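There are 2 protein chains.
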Amino acid sequence: MINKLIEKIQKTHAPIVVGLDPMLNYVPEHIQKRAFAEYGETLEGAAEAIWQFNKEIVDATYDLIPAVKPQVAMYEQFGIEGVKAFKKTVDYCHEKGLVVIGDVKRGDIGSTSEAYAVGHLGKVKVGSQQFAGFDEDFATVNPYLGSDGIKPFIKVCKEENKGLFILVKTSNPSSGEFQDRLIDGRPLYEWVGEQVDAWGKEHMGDSYSYIGAVVGATYPEQGKVLRKLMPKTFILVPGYGAQGGRGKDLVHFFNEDGLGAIINSSRGIIAAYKQEAYAQFGSQNFAEASRQAVKDMIADIDGALQAAK
Amino acid sequence: MINKLIEKIQKTHAPIVVGLDPMLNYVPEHIQKRAFAEYGETLEGAAEAIWQFNKEIVDATYDLIPAVKPQVAMYEQFGIEGVKAFKKTVDYCHEKGLVVIGDVKRGDIGSTSEAYAVGHLGKVKVGSQQFAGFDEDFATVNPYLGSDGIKPFIKVCKEENKGLFILVKTSNPSSGEFQDRLIDGRPLYEWVGEQVDAWGKEHMGDSYSYIGAVVGATYPEQGKVLRKLMPKTFILVPGYGAQGGRGKDLVHFFNEDGLGAIINSSRGIIAAYKQEAYAQFGSQNFAEASRQAVKDMIADIDGALQAAK
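Top to bottom, those sequences are chains U and Y. Here the numbering used here is used: the first residue of the first sequence is 1216, the next is one more, and so on. Here the numbering used here is used: the first residue of the second sequence is 1216, the next is one more, and so on.
Derived by calculation from the structure, the hints in this document are not laboratory data. Any given hint could turn out to be false.
[Stated by the list, open to error] With a cut-off of at most 27 Å between alpha-carbon atoms, the simulated DSSO-like pairs for lysine-lysine come out as follows:
1. U:K1489 - Y:K1340
2. U:K1311 - Y:K1524
3. U:K1338 - Y:K1340
4. Y:K1340 - U:K1270
5. Y:K1270 - U:K1340
6. U:K1303 - Y:K1338
7. Y:K1489 - U:K1303
8. U:K1338 - Y:K1338
9. Y:K1489 - U:K1248
10. U:K1340 - Y:K1340
11. Y:K1338 - U:K1302
12. Y:K1338 - U:K1270
[What the hints assert, rightly or not] Computed far set for chain Y versus chain U, every beta-carbon distance over 10 Å:
13. G1260
14. A1288
15. L1360
16. K1373
17. L1382
18. N1387
19. K1416
20. Q1499
21. Q1521
22. K1524
Everything numeric in this text was worked out from a predicted model, so none of it was measured. We treat Cβ as the ideally placed atom computed from N, Cα and C, and that holds for glycine.
Using the sequences and the hints given, assemble the complete structure.
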């Protein structure tokens, strides 16, 4: 799957991923109204609204981008109906040929991690049959429980040709509280990064490993160090735009081959129509605003990569 | 909710929680057959089988225990149908008066953690209405992202009178890979424990905080240290039985008031009928085997607590 992701990045010239993290207040009123008219102000109505919102954004952007990253929390908040909208979104993005990174940040002890891995990336056995539960292509994983929490995910990835992005250094302000603490003179995130690199080397695609890392755009200096520490690791970089990162700050997340990183923007794309820069589209044309924001993001990152050459 | 949990522990004399983590191969064949006859060998059939299995175990044990801990991974592996069985289980346990600890190990950056918190412990707004998505009483949370990943959970707990158990030292063999690394001479888990204690002191029930910790039964020495480091923190202790812990190893997780810890057993209870010690019940009477295993666990822990007095 890492090979497919790289192929699609090369084809689109867009090392970016659109974060499908719909808050209900991002969804334009006309879509909410239509959904509520059909299903009422219910969890079903909310799920329908975010699904319709996602669908229009995917329709308006899928030809420009290699991948999407739905954040499952935004769906889980609407209970079972929300989880159904998550699955519908994953399936629809697959129909459109997109790589789907399930931002699920799961992680547990062995047999439990295996159940998560099976549910999100693999197939579960039921009697003589087997079924894919959610069927994302990649999943994000939390490393706090150590390697026996990670290995079941790797096993499923190997069997199913899927991939992981393991949290190394997250984009939020307090990520340093534990991740930056020094252990034998080096921050915890470097030790985690080193471990991700070791797992990755044993699980290679053609040029990069299918065991990737998450490193926040908001920490470009740390990104520089981690890039060198994990040369064959694809880095998923959240925090572009709304959280503060910009193209020029992100060139060090890439290798000299122009690959090795994929930059996520969520709110900056899906709620673009709410920004001054895209206000002229109006809320009726929110998806067109998202398309323009994708184009601008690609130009920003591509420009920065060209300038750094 | 911590007050309710303590009240129920005192009433049942059982500082234990039954982990409802159903693997399909724990479910006796007669239940699987009945479910598959109705729904086929499908995800729906599997979900029905684990729900019926849970229901019988809850019916056979609810009067003996204060709480259950469904592990959401075991449900997510069956996709949407599995998640429905999770919700059904949560609701049924509430009907039976049990405290429900959602073992979800979620954790993300601010707004995303908020969505998880809302979905699992709180209520989400939809237009002028609000709805509980999954409505557990406690949730387990991963601390790797630091305090801005935790605070949204705490906020929802405060509003909704719910609680958390934050991972400090997990029960699995490789938990030490990162959690035991020394920072300024002390292992990471102690730093996390200290932080849990600090969050907890600001969020007190009557005698204990509603911000609890997870510390594995398999690490009794570390449990001893953490017990002292977090005197007002309730500790959820997984790893009893199947993972190796026994009552006499666990007395140090408790305070002198006989409270402060709740010991989880999953497989040891729900799949008791598969153990030699309970084989005489037979698979038809699996729930009675679970009831006996609960009684034996309570006696083991209560005996150890009495002996330690």
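Structure-based check of each hint:
The hinted pair formed by U:K1489 and Y:K1340 meets the criterion: a straight-line CA distance of about 20 Å does not exceed 27 Å. Using a Cα cut-off of 27 Å, the hinted pair U:K1311 and Y:K1524 is violated, with the two alpha carbons roughly 66 Å apart. Our distance criterion of 27 Å between C-alpha atoms is broken by U:K1338 and Y:K1340, whose separation comes to about 34 Å. For the hint pairing Y:K1340 with U:K1270, the CA-to-CA distance comes to about 22 Å; that is within 27 Å, so the pair holds.
A hinted pair counts as satisfied when its Cα atoms are at most 27 Å apart, and Y:K1270 with U:K1340 qualifies at roughly 22 Å. Note on U:K1303 and Y:K1338: the hinted pairing holds, with a Cα-Cα distance of about 23 Å set against a maximum of 27 Å. Between Y:K1489 and U:K1303 the alpha-carbon distance is near 39 Å, which puts this suggested pair outside the 27 Å criterion. Proximity of U:K1338 to Y:K1338 is assessed by CA-CA distance (about 32 Å); at most 27 Å being required, the pair is judged violated.
Pair hint Y:K1489 plus U:K1248 does not hold up; C-alpha atoms about 53 Å apart against a cutoff of 27 Å. Proximity of U:K1340 to Y:K1340 is assessed by CA-CA distance (about 37 Å); at most 27 Å being required, the pair is judged violated. Of the supplied pair hints, the one linking Y:K1338 and U:K1302 holds, its CA atoms being roughly 22 Å apart against a limit of 27 Å. This hinted pair checks out: Y:K1338 and U:K1270 have alpha carbons roughly 26 Å apart, not beyond 27 Å.
Non-interface status of Y:G1260 relative to chain U is broken: a Cβ of that chain comes within 10 Å, the nearest being about 6 Å off. Remark: the non-interface label on Y:A1288 conflicts with the geometry, its nearest Cβ contact in chain U lying 4 Å away (cut-off 10 Å). Consistency note on Y:L1360: stated as away from chain U, yet its beta-carbon is not over 10 Å from all of that chain's, at 5 Å minimum. No beta-carbon of chain U is positioned within 10 Å of the beta-carbon of Y:K1373; the least distance is around 18 Å.
For Y:L1382, the non-interface assignment is contradicted: its Cβ lies about 6 Å from the closest Cβ of chain U, within the 10 Å cut-off. In this structure Y:N1387 is not separated from chain U by more than 10 Å, as the shortest Cβ-Cβ distance comes to only about 4 Å. No beta-carbon of chain U comes within 10 Å of the beta-carbon of Y:K1416; the shortest separation is about 17 Å. Consistency note on Y:Q1499: stated as away from chain U, and its beta-carbon is indeed over 10 Å from all of that chain's, at 20 Å minimum.
Every C-beta of chain U lies more than 10 Å from that of Y:Q1521, the closest at about 31 Å, which supports listing it as non-interface. Every CB of chain U is more than 10 Å from the CB of Y:K1524 (nearest about 32 Å), matching its label as outside the interface.
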